[in-house]
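Chains as they are written, first to last, in the working numbering: chain A, 1 to 159; chain B, 1 to 513.
If you're looking for bench data, these hints aren't it; they were derived computationally from the structure.
Each hint should be verified, as a subset may be incorrect.
As the list claims (entries may be wrong) - Pairwise CB distance ranges (calculated):
(1) B:T476 with A:D108: 27 to 33 Å
(2) B:G355 with A:G106: 50 to 56 Å
(3) A:K95 with B:T476: 27 to 33 Å
(4) A:W109 with B:A506: 41 to 47 Å
(5) A:D146 with B:K58: 30 to 36 Å
From the three backbone atoms N, C-alpha and C, an ideal C-beta is built for every residue, glycine too.
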Amino acid sequence: MPPPPAPAEIETRLHAILTEHAGLEGPVLPILHAVQAEWGHVPQETLPLIAEALNISRAELHGVVSFYHDFRDAPAGRHMLKICRAEACQARGGKRIEDAARAKLGVDWHGTTADGGVTLEPVYCLGLCATGPAAMLDGRVVARLDETRLEALLSEAGA
Amino acid sequence: MSALKVYVPRDAAALAVDAEKVAEAVMAEARIRDIEVDLVRNGSRGMLWLEPLVEVEKDGIRHAFGPVGPRDVEALFDADWGEHPLALGPTEEIDWFKRQTRLTFARVGVIDPLSLDAYEAHGGLEGLRRALGMTGPEMIEEMKESGLRGRGGAGFPTGIKWDTVQKAQADQKYIVANADEGDSGTFADRMLMEGDPFSLIEGMAIAGICVGATRGYIYLRSEYPEAIHVMREAIRIARARGVLGTSVLGSRHAFDMEVRVGAGAYVCGEETSLLNSLEGKRGVVRAKPPLPAIEGFLGKPTVVNNIISLGTVPVIFEKGAAHYRDFGLGRSRGTIPIQIAGNVKFGGLFETAFGMSLGALVDEIGGGTASGRPVKAVQVGGPLGAYFPRDLFDTPFGYEEFDGQGGLIGHAGVVVFDDSADMLSMARFAMEFCAVESCGKCTPCRIGAVRGVETVDRIARGDAAAIPLLTDLCDTMKDGSLCALGGFTPYPVMSALTHFPDDFHANTREAAE
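Excised from the complex, chain A in its bound form (with noise of 0.2 Å):
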């Protein structure tokens, strides 16, 4: 079935990213950057016209969008929580902060709390492999994450 025709302000305002991004070599990437930074996530509605302005199928660009952990095809909470699965904070005992936060949350990984405040996604190093285990609130970071500070993680997520 074919998405939805965009509402005129979509339209709009993705007719600006793509002049914005128009002349770049490559603009695919920046451009779903500037979409989801505007909507939160990548509409549906968007993939005709973003394909139509770049010349490539539909169907090539759904691929992209698929491909890449980053980019959503729905909404998520009104917070972004990311922790740190990988070695060097699993070695430091990240495990037991990853268990926390999706006890506390009550959702498994990539999954958004029932009042749609916080998502919970996995994210494989963050580079602070010295001081973890790390999380990333809302694109900040911080690191040497016990149970008392996940713990004010959470409430400043509101949960």
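Go by the hints and put chain B onto chain A.
Then chain B, alone, in the frame of chain A:
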């Protein structure tokens, strides 16, 4: 009275442990006491267990205090930044720092990363100025003589790669800096970009002038927002000051660059998948040949180098190839910024000549585990690197030396685990990670990783017959995968199985549980 010069790092590792609040507290306290403070937001000195590491300059010498929390600031002012339990003495006299040979990281943590004047005052742009007086082939000779090899992990001689691109005929060539530092246990690229971004810009400009490329891209992972911010600012400044643009430092050479942000795919650290991603495609791996040096970004000859490789180029040109080459061991020349991480007491970035033993790095420099328990295993080279047991701790840090022990140095990350680590779980995680991150192009990686997780689970349930199956699967992945993701995932898996067999056998597992 002159202003009190205070340094509070802006490196992400410091920001993640409240450096911003410390900086605010310093300024607030200074206002209350009516003390004039000149606050410099530097990169990190690399002693990450001491972050936030605050430095105060006294009589031209920088004194370190750490780890400083926002609540310590008042007492530090009370003590006039002198005797205090957090005082560490002159920063450069701290043994951990003093034992290093800092060439690539000479300026990191020392200067304000966004001050081009400070950069130049510390030897910056001298390499580029020298390079501008050389011919392309002379520059290639300099690179070859330095012995610099790809610091991303593959260890391919950088000079030879540049030579290929220089000789290729094309109307457009590119320099691509691979800042998709996804390996767990590594943060050298991030620290260099956040702490000394102009060195990367200078290295890329030298590379561009050498091979005849006028455009450069830094492919920077989205997990590094601070590095993205600093790098973009630095490029803007370099452009305004004529380091980048149509006439690099007033020469006849043009070179400009921009940052491109990745989108969370680990495999895009592989150079061909990175190029596809940069072009706006799925980040799937390309078969080689053609080499990117011949057909790279948009089909044009492209130098794809790691951040540390490119960030080391300026010092090679500044001090001469021989100066760099004279450090090192065997075919591993120069210095290597080793990242000591995981469950370790003194973790951080330790730049030293190749040749130090793994044991010295873990026990002497790293000080053993943070938990105080015995070291069980050390993973070297990221998620695709082997787990080394204590028996192999005499292995010297070098490309060939690690290869000879069934391992790899990769991007030089060293992750320490204590005896509570279950190596079967770590083997399973390696397969799970490969399954999550596989680009899907080749079967051994795409399917093999999934079967690998299942096979490790069978072993965990006590099915000993699955052990030879896992070995066989690892052989297939190693020999049949298109790139290092599928090809090297067997390193952590097989090293765990070989060196820690007790963790894989049902009777010993039960005894442990």
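Right, here's what the structure says about each hint:
1. B:T476 with A:D108: 27 to 33 Å: holds, 32 Å
2. B:G355 with A:G106: 50 to 56 Å: Holds, at about 52 Å.
3. A:K95 with B:T476: 27 to 33 Å: The hinted range 27 to 33 Å holds for K95 of chain A and T476 of chain B, with Cβ atoms some 30 Å apart.
4. A:W109 with B:A506: 41 to 47 Å: Taking Cβ atoms as reference, W109 of chain A and A506 of chain B lie about 29 Å apart, which means the hint is violated.
5. A:D146 with B:K58: 30 to 36 Å: Check passed, 35 Å falls within 30 to 36 Å.
Violated hints amount to a single one, hint 4; each of the other numbered hints is respected by the structure.
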